[in-house]
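Protein chains: 2
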Amino acid sequence: MPELRRDPIIGRWVIISTERGKRPTDYRSEEEPEMGRFCPFCEGHEDKTPPEILAYGDPNREKNKSGWRVRVVPNKFPVLQIEGGINRHGDGMYDKMNGIGAHEVLIESPQHNLEIPNLEDNRVEDIFWAFRDRIIDLRRDVRFEYILIFKNKGAAAGASLTHPHSQLIATPMVPVRVRQEIQGGKQYFEYKERCIFCDMVAQELASNVRVVAENDQFVAFEPFAARFPFETWILPKNHDSHFEDLQKSEALSLSKILKKVLTKIKIVLDDPPYNYIIHNSPLKDAPLPHFHWHIEIMPKLSKIAGFEWGTGFYINPTPPEEAAQFLKEAD
Amino acid sequence: MPELRRDPIIGRWVIISTERGKRPTDYRSEEEPEMGRFCPFCEGHEDKTPPEILAYGDPNREKNKSGWRVRVVPNKFPVLQIEGGINRHGDGMYDKMNGIGAHEVLIESPQHNLEIPNLEDNRVEDIFWAFRDRIIDLRRDVRFEYILIFKNKGAAAGASLTHPHSQLIATPMVPVRVRQEIQGGKQYFEYKERCIFCDMVAQELASNVRVVAENDQFVAFEPFAARFPFETWILPKNHDSHFEDLQKSEALSLSKILKKVLTKIKIVLDDPPYNYIIHNSPLKDAPLPHFHWHIEIMPKLSKIAGFEWGTGFYINPTPPEEAAQFLKEAD
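Listed in order, the protein sequences are those of chains E and Y. All residue numbers for the first sequence refer to the numbering used here, where the first residue is 1 and numbers rise by one. All residue numbers for the second sequence refer to the numbering used here, where the first residue is 1 and numbers rise by one.
One chain only, chain E, in its complex shape (with noise of 0.2 Å):
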């Protein structure tokens, strides 16, 4: 049983595979991902992972056969496990937990090329509706806090299979990043009775230095203080505190603004790796004044090194108003 750990002093969580835990020379040669390989994710190979959870496609087509459009199934090496108890404890000065959580795959095609700035845009909001459908299945599971929905694209972003998929993890707990930004959102409630997101998104709009894309219903821009070079979020404009509110008509617009981002970072960087994150509130709370669910787009450009690993304390080498620059040009 994998375990969830408490840093102490920040507060930070830590996953810690206990079960077979990695030796010193399972390090020295870090695999590559398959290229031409065998892919368990490919249309007709719907037997090569673990049963189906969801899948769209042609309503007639038997589960796990093909004939679908995205599918949703268990990650086959989960980093949490779904059956047991929490069992929150403590040891000494320290607090643990059993490491009980879903841990999922999306794969987001059935053609294993096929990435996002190459479907069709309903396709694209497919892979929208298909998550909230799991979150809405998974809040119910009283034991989860938090669903994290986040893509890994290249090896060098973390992925392993290149096949198009995206993953969710749910934890029994929140996430210290994800509490840090919702704390910082309450802060300036407090003192402007505003959200902050919200002004964030009037002001990129107002002075439209930083922004790469817009359309109806969302805005992605550059964010004034990126940590990353080409780093891009994506904000719906009306405050909305929990993906999973999304209205019918906003899927489309932010199928389509995913697209056109993920698009103009292909042209622009020449396909880079890179990681996207949804910031979604917690599933226990209600709807928030000051907190405003987004997409964290961070391409994969340069090396991290220790100073920003030690610190939070990023050097940029790209100003985000140059990056959206070239993004906003590139089509």
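You may find that some hints are simply not true.
Pairs count within a copy or across copies, as identical chains cannot be separated in the list.
With a Cα cut of at most 27 Å, we get these calculated DSS-like pairs of lysine-lysine [what the hints assert, rightly or not]:
| # | residue 1 | residue 2 |
| --- | --- | --- |
| 1 | K63 | K22 |
| 2 | K237 | K328 |
| 3 | K256 | K284 |
| 4 | K96 | K237 |
| 5 | K328 | K96 |
FYI, nobody ran anything at the bench for these hints, they're computed from the structure.
Mind docking chain Y on chain E? Use the hints.
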């Protein structure tokens, strides 16, 4: 002039290189560090670095000539600039200031291949005294709030030269991670009236399952909630919030334990790239009862995926207890 920008949500400061921003194509070919090429840090090449700020060596030695044991020079490509005023100001809801600071390089040995595990104990001591001297000197500059001391070893850990060296960056604000640690320590102190780091030292020594090395004045252990495999911390056994208050007798103990730990890491992990950082108190703080300076060593073994970056939620595939066992036994 580089810029320091503050993330309005969580208060994280980022350095933005506004001078000569890296363009998209600059990221496509990551430079490899020099191997066998001309080294500006080697003895005899003193005129190839900016003029030295400090050096220990032969008392009759001429400045910027050979005959030194450690040597501190300004970084030729500083991330912050030493001249100018801070000029902290707003930009709508955002905050920024001029990228004022010091960025220095400490050359740890005149020989190109002599890393800390191969240096005499008192030569390692020189490194710590030189950093202490630089702190004492730089803290006279009222513009500075914090000094970061860190080492990047190996290209994968961010080093651009192979000659043994470490670095110092003086900043006009306190990095967010340090602020959070001090804040966490303070909350614990308010509740327990004890230093959280002192309590950690006591529990680690008593349980003895994560201790890697120990001497009269220092202890090295794998932290309970280690983010990275083989992450190792070194703490003074006696409470001390400021590294620069190091006692004469402590310096030798510190040198011995650092050398021992780095030797163990070199043996067990086959000379891996790594980073270490000294977590110290802010320059203008009086001695703090709730913070304890320490060194955090992070071997660079696995790729950090977007999940980790975006959430501060790390997955560590080697339990710290197992890592401690491997390191303890190596000699």
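Going through the hints against the structure:
In this assembly of identical chains, the alpha carbons of K63 and K22 never lie at most 27 Å apart, being 35 Å within a copy and 49 Å across copies at closest. Proximity of K237 and K328 under a CA criterion of 27 Å is satisfied intra-copy only: 18 Å inside one chain copy versus 55 Å between copies. Neither within a single protomer nor between protomers do K256 and K284 lie at most 27 Å apart by alpha-carbon distance, with minima of 29 Å and 50 Å respectively. In the homo-oligomer, the alpha carbons of K96 and K237 lie at most 27 Å apart only across protomers (25 Å), although the nearest pairing inside one protomer, at 39 Å, exceeds that limit.
In the homo-oligomer, the alpha carbons of K328 and K96 lie at most 27 Å apart only across protomers (24 Å), although the nearest pairing inside one protomer, at 46 Å, exceeds that limit.
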